[in-house]
Amino acid sequence: MVVRNVAEWIVRRFWGYLPAAPIALFLGMVGYIGFCDPHFPCHAAELDLHLASEAAIPPDRPVATAKVAGIVDTFRYKPTGTEANAGIPYWIFKALPALFKDDPRFANASPGHEWDAFGMFGDADPAMTRASGIPRGMVLADTDVQLPGTVVGIGLKRVAFNCAACHQGEWLDDQDQRHLVDGMPNHSIDTQQFKTFIHDAMKSALFTPERVLEEIDHQLALAGHAALTRWERLVYTGVVTAMRQGDDNTGWMAKRPPNGPGRVDAFSAVKYEVLAVPDDGKLATVDLPSIWHQGNDIRPWHHWDGNTDNSRARNYGSVVGVGGSALSVRGVNVDQVAAWLDSSLGPPAETPFARKAATDPLVVRGKQLFGDLGCAHCHGTYDPATGQVERAADSSYMTSVVVDTDPRRWQAFDPGTAAALDGWGFARGIWPQNAFRPASPGYVPPPLDGIWARAPYLHNGSVPSLRALLTAPEDGAPPPRPAVFYRGSRRYDATTMGWEIAPTERGTGRALFKYDTSLDGNGNGGHAFYVADGDLDAMLAYLGTL
Amino acid sequence: MFPYIETAIAFALVMLVGSLMVNVIVRILSTLRGQRPDGVQDMLVQLHRGFCAERGVALATPERLRAERAFVDGVLGAPVLHAPDKYDDVLAYEARCKEREAALRAEAAKATDAARAKLLADAEKVCAQVAAMRAKNLNNQIEHIRKGDLLAIIRGASHEVPGVPGVRTLPAAWFGNAHQTSAPPTAEQRDEFQSIDASAVPGVNARDFHDYVQRWFSTAECTVSNLFGKEQRRAAMAVAGLVVVALNLDALQLARDLYHDRALSERLAGRVDELVALGRTLTDKPPEGTPPASMDELRVALEKTTAVLSIEQVPIGWQNSYIAKRWCAYHDDCADVTVLTPTARQLFTDILVWMIGLFAAWLLLSLGAPFWVGVLSNAAGLINMLQTGKGDEHATETTAWSNEHQGRARDSG
Chain V
0 MVVRNVAEWI
10 VRRFWGYLPA
20 APIALFLGMV
30 GYIGFCDPHF
40 PCHAAELDLH
50 LASEAAIPPD
60 RPVATAKVAG
70 IVDTFRYKPT
80 GTEANAGIPY
90 WIFKALPALF
100 KDDPRFANAS
110 PGHEWDAFGM
120 FGDADPAMTR
130 ASGIPRGMVL
140 ADTDVQLPGT
150 VVGIGLKRVA
160 FNCAACHQGE
170 WLDDQDQRHL
180 VDGMPNHSID
190 TQQFKTFIHD
200 AMKSALFTPE
210 RVLEEIDHQL
220 ALAGHAALTR
230 WERLVYTGVV
240 TAMRQGDDNT
250 GWMAKRPPNG
260 PGRVDAFSAV
270 KYEVLAVPDD
280 GKLATVDLPS
290 IWHQGNDIRP
300 WHHWDGNTDN
310 SRARNYGSVV
320 GVGGSALSVR
330 GVNVDQVAAW
340 LDSSLGPPAE
350 TPFARKAATD
360 PLVVRGKQLF
370 GDLGCAHCHG
380 TYDPATGQVE
390 RAADSSYMTS
400 VVVDTDPRRW
410 QAFDPGTAAA
420 LDGWGFARGI
430 WPQNAFRPAS
440 PGYVPPPLDG
450 IWARAPYLHN
460 GSVPSLRALL
470 TAPEDGAPPP
480 RPAVFYRGSR
490 RYDATTMGWE
500 IAPTERGTGR
510 ALFKYDTSLD
520 GNGNGGHAFY
530 VADGDLDAML
540 AYLGTL
Chain A
0 MFPYIETAIA
10 FALVMLVGSL
20 MVNVIVRILS
30 TLRGQRPDGV
40 QDMLVQLHRG
50 FCAERGVALA
60 TPERLRAERA
70 FVDGVLGAPV
80 LHAPDKYDDV
90 LAYEARCKER
100 EAALRAEAAK
110 ATDAARAKLL
120 ADAEKVCAQV
130 AAMRAKNLNN
140 QIEHIRKGDL
150 LAIIRGASHE
160 VPGVPGVRTL
170 PAAWFGNAHQ
180 TSAPPTAEQR
190 DEFQSIDASA
200 VPGVNARDFH
210 DYVQRWFSTA
220 ECTVSNLFGK
230 EQRRAAMAVA
240 GLVVVALNLD
250 ALQLARDLYH
260 DRALSERLAG
270 RVDELVALGR
280 TLTDKPPEGT
290 PPASMDELRV
300 ALEKTTAVLS
310 IEQVPIGWQN
320 SYIAKRWCAY
330 HDDCADVTVL
340 TPTARQLFTD
350 ILVWMIGLFA
360 AWLLLSLGAP
370 FWVGVLSNAA
380 GLINMLQTGK
390 GDEHATETTA
400 WSNEHQGRAR
410 DSG
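Chains V and A supply the protein sequences, listed in that same order. The letter at position 496 of the first sequence is residue 495 when you use numbering that gives the first Met the number 0, and the numbering goes up by one with no holes. The letter at position 133 of the second sequence is residue 132 when you use numbering that gives the first Met the number 0, and the numbering goes up by one with no holes.
Treat the hints loosely; a few may be bogus.
[To be verified] Here are some of the chain V residues that sit facing chain A, going by a computed Cβ distance under 7 Å:
1. T149
2. A419
3. G422
4. A426
5. R427
6. G428
[Claimed, not checked] Computed, partial: chain A to chain V, Cβ under 7 Å:
7. V125
8. A127
9. Y321
10. A323
[Unchecked claim] Listed next, the stretches of chain A that the computed footprint assigns to chain V, with coverage defined by at least 3 CB atoms under 8 Å from CB atoms of chain V:
11. 78 to 86
12. 227 to 236
13. 244 to 253
14. 312 to 320
15. 337 to 347
Hints are computed from structural coordinates only; laboratory data are not their basis. Cβ coordinates follow ideal geometry from the N, Cα and C atoms, glycine included.
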């Protein structure tokens with residue numbers, strides 16, 4: 000209201016000068032470029048707030064010898080536009096763990112590694128020196144608006160998620176070396192816990208300008224820099240006040256079972272927080288998917304229920320789901336990454352287990368079984384050598400099928416939600432009309448490329464391993480799938496073909512998330528396609544080669 | 000032929016999007032400025048003045064202004080035009096202010112000379128606050144008033160003159176208190192104003208005014224509408240200039256870039272239907288009774304036009320523009336090695352051509368969104384026609400093989 004009143008006053012006061020405005024702007028631009036900054040048109044037009052603390056942020060530096068492809072660098076380290084609504088100013092982000100050191104979520108965290116509590120580990124990329132100390136999958140970005148051909152913004156760096164947060168996975172080998180895999184689901188990150196923590200913090204009585212400023216000064220001192228100036232204190236006081244007064248529309252999460260690491264309910268976030276649809280009690284929690292081989296030739300439909308075949312709707316929708324807006328989406332970065340996912344990126348060659356050769360008799364037997372048991376009918380036959388999927392003539396490949404798995408996800412994407420989402424993006428010009436369709440009953444069976452890296456299994460990640468998924472039940476008994484297991488470990492169990500499911504991570508002792516299949520949306524039933532005991536090793540050996 | 004057509008369509012589409020941007024910005028500015036409510040108030044004042052002039056109601060300027068304000072407030076403050084809660088809020092505020100004003104005036108009456116002036120000034124301030132509150136929350140909320148509504152409000156505001164049956168008069172403040180009539184009409188007056196009403200009298204009378212408004216409403220509305228349109232066009236020219244400079248929209252360079260970037264031209268041409276539909280929504284006259292677009296709707300439309308240009312990466316804007324790169328190259332500091340370092344003379348020529356391009360874009364945007372909607376609608380018809388032609392060619396091709404086969408079979412038979 001205040002903004003509107005000010006705008007009204009300005010327009011009424013200066014209306015008479017409107018005809019002179021274009022000439023004034025032209026002369027201003029030309030004068031500025033000609034006499035002040037000849038390179039102004041070559042960089043983003045940032046409003047410099049003259050914050051000395053911004054210069055104190057340690058810069059991330061790529062390792063020159065690593066020679067990482069430009070697109071990989073974009074995928075891992077370039078912003079996508081999520082900072083618009085979900086970014087946290089760098090120095091506040093640094094101050095938060097200390098401000099809330101008594102929060103139970105940080106109970107087992109070691110100093111300097113507090114964000115590990117949410118499965119957000121420091122970066123282990125040998126190609127990048129991340130002096131800023133922000134976790135893997137997060138980037139630093141100025142607060143920009145993407146105008147046509149010109150980026151304008153404010154020079155205040157904020158920490159926000161990018162693609163790699165959810166789609167760069169990692170595993171630990173026996174020497175505790177971390178292996179990062181682009182495109183693999185990040186099964187250890189708990190985005191919901193992180194989001195809940197941030198919202199709790201913003202609404203907490205402890206989050207006051209005085210305390211935040213004091214802690215930022217402390218952080219700056221630790222980094223060997225001077226304390227905030229009076230001007231900076233004024234700016235940060237405004238920022239903290241604005242953050243405290245931000246909308247709290249995340250209440251829907253508390254009414255549903257927690258997601259746990261490696262899972263997300265992005266459609267509900269868009270539905271309730273962006274589209275402001277009244278809470279209808281539905282939930283759409285899914286396991287984070289892999290994002291390799293996203294081209295229409297292999298994956299003509301996207302998301303677990305195949306609700307869109309539009310690459311732009313998939314990508315821009317994802318950015319909006321984690322805090323982006325129509326004018327903040329960094330189209331150049333997102334489109335480049337999308338083209339890479341659609342064309343080049345495939346599953347990893349390196350595995351945490353000894354992968355058998357394609358000619359190994361066990362693998363050959365497994366491949367034979369894959370066809371004989373009808374697996375190929377729905378999933379097609381992925382050929383790792385060519386990166387293509389062979390489909391049978393009457394195949395159900397990538398068409399919705401009901402195999403009695405938990406229905407909550409597909410039920411959530413009802414016609415009303417599809418229409419609302421469709422209309423939202425179309426009205427803002429970021430995806431075409433009818434880009435989304437309501438889900439049909441069931442889910443689309445995907446190809447099994449890199450299937451070993453996509454554990455836990457089923458759309459909701461309710462079955463921890465391929466062995467658990469495919470082991471046949473005793474006569475009349477339910478499938479021998481664990482009713483409770485622990486998610487989030489980065490240690491791979493080559494015997495079961497899935498991540499280890501003990502309560503703590505082996506070696507690090509990190510407490511993991513207890514996944515209970517009896518909770519709403521967590522059901523592990525369905526997909527009753529089993530492999531006989533004697534054939535299971537062969538099938539797993541074959542699946543391990545994909 | 001096709002590349003030229005596609006380039007032309009893509010170019011026209013960028014111009015349409017630019018024009019829509021201008022259209023939306025002008026509407027936002029005019030909403031913020033309150034041009035429509037101002038127009039309604041001007042129309043009421045015009046009717047009031049016309050009537051006074053016709054009836055020889057001569058008032059001194061301050062009284063006239065007060066009378067006009069009272070009339071405008073009386074009409075636009077009619078409860079029927081407002082949401083009840085909003086109206087109640089204003090009344091409650093006014094009641095509180097009037098109490099305060101009365102208290103100040105009472106105090107002033109008892110005060111010494113020195114204190115009295117200040118108290119009276121304070122009382123005036125309270126009056127001004129009441130007027131501002133009423134203007135903001137009642138008068139400025141009305142963007143359009145229908146003839147029937149205005150007539151009904153005038154009739155509703157009238158009351159019978161005590162002791163003179165059949166003669167209705169209007170609130171005293173509307174025409175200055177001295178100009179109310181309570182005398183019944185004479186026979187001559189009846190003859191003279193036969194067409195109006197038997198009770199019509201010279202001076203001020205509810206029926207007269209009612210009739211006057213009925214006769215002149217359309218004219219007054221038209222005058223205000225013309226003024227509004229003229230002002231909108233002037234604003235649109237200025238905003239078009241702002242958009243051209245802000246987006247560095249160089250028409251010549253844009254046409255060249257679109258011609259060379261076929262993929263972009265195709266992508267843009269693929270959005271013709273969507274953007275023409277948006278153009279129609281924003282520029283067509285809305286049906287009678289439809290409320291004007293809200294600020295939220297205008298904001299979303301502006302977001303859309305902006306997003307289309309930025310997401311499709313239309314080669315406009317300051318960053319990475321040709322002229323910017325040439326400028327940087329001239330200063331030996333251009334990252335793009337394909338841009339040659341110009342001499343001062345070449346740079347001067349570039350700048351000249353660039354300014355011509357900007358001027359051309361300004362002229363093209365000034366044609367307005369309806370023009371570009373029309374152009375693209377015709378172009379869409381042309382595309383369909385060409386594509387149908389293409390389709391026919393393919394249709395004959397699909398049967399050619401079998402025809403040939405049948406021909407051979409016939410020959411061998």
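Numbers of unmet hints, in rising order: Structure breaks hints 2, 3, 7, 8, 9, 11, 15.
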